[in-house]
Each structure stands twice: as C-alpha cells, then as structure tokens.
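Starting from the structure of chain D, add chain C where the hints point.
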Amino acid sequence: MKSVIAATSLLLLAISSSLQAADLKAAEALAGEQCAACHGPTGVSQNPEWPIIAGQHADYLARTLRQYRSGEREDPLMQGIAAGLSDEDIRNLSAWYARQDGLKTKQY
Amino acid sequence: MKCMRATGLLTAALCLLLSSAVTAGDPEAGKIKASTCMGCHGIEGLTNAYPTFRVPRLGGQHAEYLVDAMQAYKEGRREHPAMRANMANLSEQDMRDIAAWFAAESRD
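Line by line, the protein sequences give chains D and C.
For the first sequence, the numbering used here assigns the number 2 to the initial residue and increments by one for each residue that follows.
For the second sequence, the numbering used here assigns the number 37 to the initial residue and increments by one for each residue that follows.
Hint data in this document are derived by calculation from the structure and do not stem from the laboratory.
The C-beta atom is built at its ideal place from N, Cα and C for all residues, glycine as well.
One or more of the hints may lead you astray.
[To be verified] Dumping the calculated DSBU-like pairs for lysine-lysine here, alpha-carbon to alpha-carbon at most 35 Å:
#1 C:K69 to C:K110
#2 C:K110 to D:K26
#3 D:K105 to D:K26
#4 C:K67 to D:K26
#5 C:K69 to D:K26
#6 C:K110 to C:K67
[As the list claims (entries may be wrong)] Simulated coverage check for chain C against chain D, where a stretch passes if three residues somewhere in it have a Cβ under 8 Å from a Cβ of chain D:
#7 73–87
#8 94–102
[Stated by the list, open to error] Over 10 Å on every C-beta distance to chain D, these chain C residues come out as not near it, computed from the model:
#9 A105
#10 Q107
#11 M119
#12 Q129
One chain only, chain D, in its complex shape (with noise of 0.2 Å):
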C-alpha cells in the first residue's frame, strides 16, 4: 500500500513537473538579453541570414536549442548563447516565440 501511494505522488510529481506553464515574462526578458539583437524584438529578424523563429513550433524550438547547446548542430553564434540556457530557459523561450505572430504552415 506504502508503495502504491509512494509510485502515485512521483507519477503525479513527475506529470506536474511536465506540464508546468512555461514562464512567458522570464521568457519576454531573457530574449530581449540574448535572441533580439539577432533574432529581432519578436523574432522577425531583419537579416535574411538569420531565420525568423517568430511563430515557429515550441517542440523545434526546444529541440534546435538543447542541439546547439549539446554541439549537435554547428553555429559558433548559437552554440555560445544556448550554452548559458539551462533545461528552463529553453522551454520558456521556446513556448515565447512560438506565441509570436510569425511564421505559418505553408500550404497548397
């Protein structure tokens, strides 16, 4: 029983941990510190070399961040600021732009 009640609270810690709500204000004020110069106040950058994230899907977001933080995708640029983001960062950011109005799903 002492088990049961033991393995419940983790899953629920564990489902509580998962979908916590990302912290869109630490967000708004960390990529004004980090991702605006380059990126744009929203996302919409300005120079053709640099992608819009503005509007892009949280999920690629997160992912493409954690790469260049762990060196799996190569931009001397990128890799030195997704170093300084904790696991946190990445998933307020990510939830941040992608709630900018930006880019869409092409469609046919």
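Same frame as chain D, but now just chain C:
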C-alpha cells in the same frame, strides 16, 4: 574600336542579366519543385518520428536562410536523414526556387 567597346559593354550587360536570372528564385517554379517538401512541411502540426518533434513551419521564412539550410543538409553540416536524401539531387537554382515559394507570404 568604338564598336568593340560597345560589344564589350553589351556582353557585360548580358552576363549580368544571365547571372541574375540564375540566382533569383522563382516562387512559381518553386511551388512545383516543393511538392515533396509539402508532404511534411505543408501539413500543420505533423510530427517527425524518432525523435518526436513537430516539422518546422517554413511559411514566411527568409529565402536566404532557407537556401543556406538546404545546402547545409545537402553537405551534411546539418543532420536529418530524410532532409539529406531530399536535398541530394537539388541544384542551387532548385533550392532558390523552393525557398522563394516558402518565403512568399503564406495563405494560412
């Protein structure tokens, strides 16, 4: 002599015209060439399998960035088996046309 100079100028003008014709992307040609791309990138919310993440939105992205990304996949600087395979037979012009199609404002 005058005639030669005029011929030289004409040739230079023609070369300039030709080179710009090769480098500019044509979104109408790109629409046709992008039919394979649209199988994944044209379906809102479609997920990539293993690892699982949503296929990135490309509508409205900078054409220059898209060409760079396509070349990176072709050359193996970015890794994704399906993307690498699909880029293998694309020419520079194909990439520019496809990029122009995705960059043109989405109807979505």
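Checked hints:
1. C:K69 to C:K110: holds, 16 Å
2. C:K110 to D:K26: violated, 39 Å
3. D:K105 to D:K26: holds, 24 Å
4. C:K67 to D:K26: Given pair K67 (chain C), K26 (chain D) is violated - Cα atoms ~39 Å apart, limit 35 Å.
5. C:K69 to D:K26: violated, 42 Å
6. C:K110 to C:K67: Roughly 20 Å separates the two Cα atoms, so the pair holds.
7. 73–87: Result for this restraint: holds, n = 7.
8. 94–102: With 8 residues closer than 8 Å to chain D, the segment 94–102 of chain C meets the three-residue bar; holds.
9. A105: Non-interface label fails for A105 (chain C): nearest chain D Cβ at 8 Å, not farther than 10 Å.
10. Q107: At roughly 13 Å from the nearest Cβ of chain D, Q107 (chain C) sits farther out than 10 Å, so the non-interface label holds.
11. M119: Non-interface label on M119 (chain C) holds, nearest chain D Cβ at 13 Å vs cutoff 10 Å.
12. Q129: Check passes; 18 Å lies beyond 10 Å.
Violated hints, listed in ascending order, are 2, 4, 5 and 9; each of the other numbered hints is respected by the structure.
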